[in-house]
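Chemist: The listed protein sequences correspond, in order, to chains A and B. Final position of the first sequence in my numbering is 328; the numbers increase by one with none missing. Final position of the second sequence in my numbering is 328; the numbers increase by one with none missing.
Simulated from the structure, these hints should not be mistaken for lab results. Don't take every hint at face value.
You can't tell identical chains apart in this list, so a pair holds if it fits in one copy or across any two.
To be verified - List time: in silico EDC-like cross-link candidates among lysine to aspartate or glutamate, alpha-carbon distance up to 20 Å:
(1) Lys35 with Asp302
(2) Lys35 with Asp13
(3) Lys8 with Glu69
(4) Lys98 with Glu207
2 protein chains.
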Amino acid sequence: MKLATYKDASRDGQLVVVSRDLSVAHYATGIAGKLQQVLDDWNFMSPQLQDLYDTLNNGKARHAFPFEPARCMAPLPRAYQWADGSAFINHVELVRKARNAEVPASFYGDPLMYQGGSDDFLGPCDDVHVASEAFGIDFEAEVAVITGDVPMGASPAQALEGIRLLMLANDWSLRNLIPDELAKGFGFLQSKPATAFSPVAVTLDEVGDAWDAGRLHLTLQSTWNGRRVGLCEAGPEMTFHFGQLIAHLCKTRNVRAGSVVGSGTVSNKDWRHGYSCIAEKRAMEAIEHGKPKTAFMKYGDTIRIEARGQDGQSVFGAIDQKVVEAD
Amino acid sequence: MKLATYKDASRDGQLVVVSRDLSVAHYATGIAGKLQQVLDDWNFMSPQLQDLYDTLNNGKARHAFPFEPARCMAPLPRAYQWADGSAFINHVELVRKARNAEVPASFYGDPLMYQGGSDDFLGPCDDVHVASEAFGIDFEAEVAVITGDVPMGASPAQALEGIRLLMLANDWSLRNLIPDELAKGFGFLQSKPATAFSPVAVTLDEVGDAWDAGRLHLTLQSTWNGRRVGLCEAGPEMTFHFGQLIAHLCKTRNVRAGSVVGSGTVSNKDWRHGYSCIAEKRAMEAIEHGKPKTAFMKYGDTIRIEARGQDGQSVFGAIDQKVVEAD
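Chain A on its own, in the form it takes in the complex (with noise of 0.2 Å):
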């Protein structure tokens, strides 16, 4: 099934079940007003939920309305935890090139993860509001799930067990701000402003076979200021499945329902592939040519994420952003 989040002017919106298609919507209410609860109470909840999943599906839900992205909040507008791993090591490959650094032996066998905030979630098409271009503004387009209990010391099996829903992420970076905090050693804060999500979360088995052993096999769709600049596959060269980096985050703690952890920049050996966010396509030219030559996005710039199944529809509806400068 497909779940998203209205906006009311509360904060954490209303719960609405969405077509397949996502042509249209139905309010959950009578089974659960936020998507917190239903993570609380899966086992009890989500069926009622694929209930009327299917009467919407078929065309007898009797308070279906058109289902407009615009007026979605992140499908969790606010989450008890948000870990996002980098699970592309060619991303770390192509950015640590192109500074002449190496990739360190661990990184192979251990996942990079940073504990993000998740106080306040983007929706898909909330405008980001940053201070000054001069940050080095980037999107990163990810595949994100949210979880379940997951028990401290649970292997990347059992994690997989623990995983509910999938979903995209715009995972908002400052470039700029970056070196930074990476040189203090204790992670991101400023350097990683809100992080927006699509407007619907879904079930496993709405991607069929595309779901396989923690892992999306679908193609990730970035197109910037109307540009087509990334077809990146999300599947194969994911060097860490999602079972492991859930692995990793409860090793020494519970990992609690509703907690989100994301795949890191979606990246591809292959450049024909593109980009999922600027800072590779600035390795690359570095790489290429000696030094970077696009420059991070501008007050006005959009971007739109998306990911089609193996039917051609849109699986989570888009991203689709527009950088503002904050007041």
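Starting from the known structure of chain A, fit chain B onto it as the hints suggest.
Modeler: Chain B only, in chain A's frame:
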């Protein structure tokens, strides 16, 4: 007023108002069930809680019952954000001096802060489950605040206005996992297991003059296995006050209601104050004798963290935890 959350087998527990002397409590039923609700709507709900608090302190609350810290969850059992500063630069100086490393000049103007996991906080008397003593188990006695909404770009003075509640924190650390995570630069995940908080969170007026310009001028007592090891002043040597820490956090993003921000280990230049984490004791030993001799915590060890007000009474109740082997 003083607020706590009682265990009731739910994820968020039940909000209670606690008397000033911590002797009795009263469910906040009819006002709010959860502390997050109050933070989401502070101006409307906090006066109602204050009324109940006054009634309770006057001995007139009809359904008051004895307050038992052992029945408490963290005041916020799960939060949308936990960002922990390292605001006592003396702590950083000490640890670095012990390994003959310099403190970068930028550390005196730009706070160190990491984003922590906030999906699974520990109650004040909950056992701490750790899979191996070899992880290097350590406590960290800290002061923490819970914020309301603080908009992106707020100044330190504006950020101070966003502070709603004060509490104590025990930021459990697994010291032997830290070097590898520091080297990766992405911050702490495995080396920072679930954090514990004091039984009650209190409004600023509860501490009177001890709250001054973003610093809490009280003494933090740490008692390890029944032995007093720290009597550290939490106020004067805090290099960055809480307004500065929150302003650092909200430079590029909004900080939303219910965010928890920590001071980092409370640390004093004068070693006679003792220590608020074992890592500092080991650093002192390394500086004096060439190597550390105090071992980190073992299974069965206990740690008690408390602060007394100007009247000698416990302000927040005590964090009082035992380290146990994880299943």
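Chemist: Hint by hint, note whether the structure agrees.
Modeler: Results for each hint:
Taking CA atoms no more than 20 Å apart as the test, Lys35 paired with Asp302 passes in neither setting, with 32 Å inside one copy and 41 Å between copies. Both within a single protomer and between protomers do Lys35 and Asp13 lie at most 20 Å apart by alpha-carbon distance, with minima of 7 Å and 15 Å respectively. Proximity of Lys8 and Glu69 under a CA criterion of 20 Å is satisfied intra-copy only: 11 Å inside one chain copy versus 40 Å between copies. In the homo-oligomer, the alpha carbons of Lys98 and Glu207 never lie at most 20 Å apart, since the shortest distance is 38 Å inside one protomer and 56 Å across protomers.
The structure does not agree with the numbered hints 1 and 4 stated previously, though it agrees with the rest.
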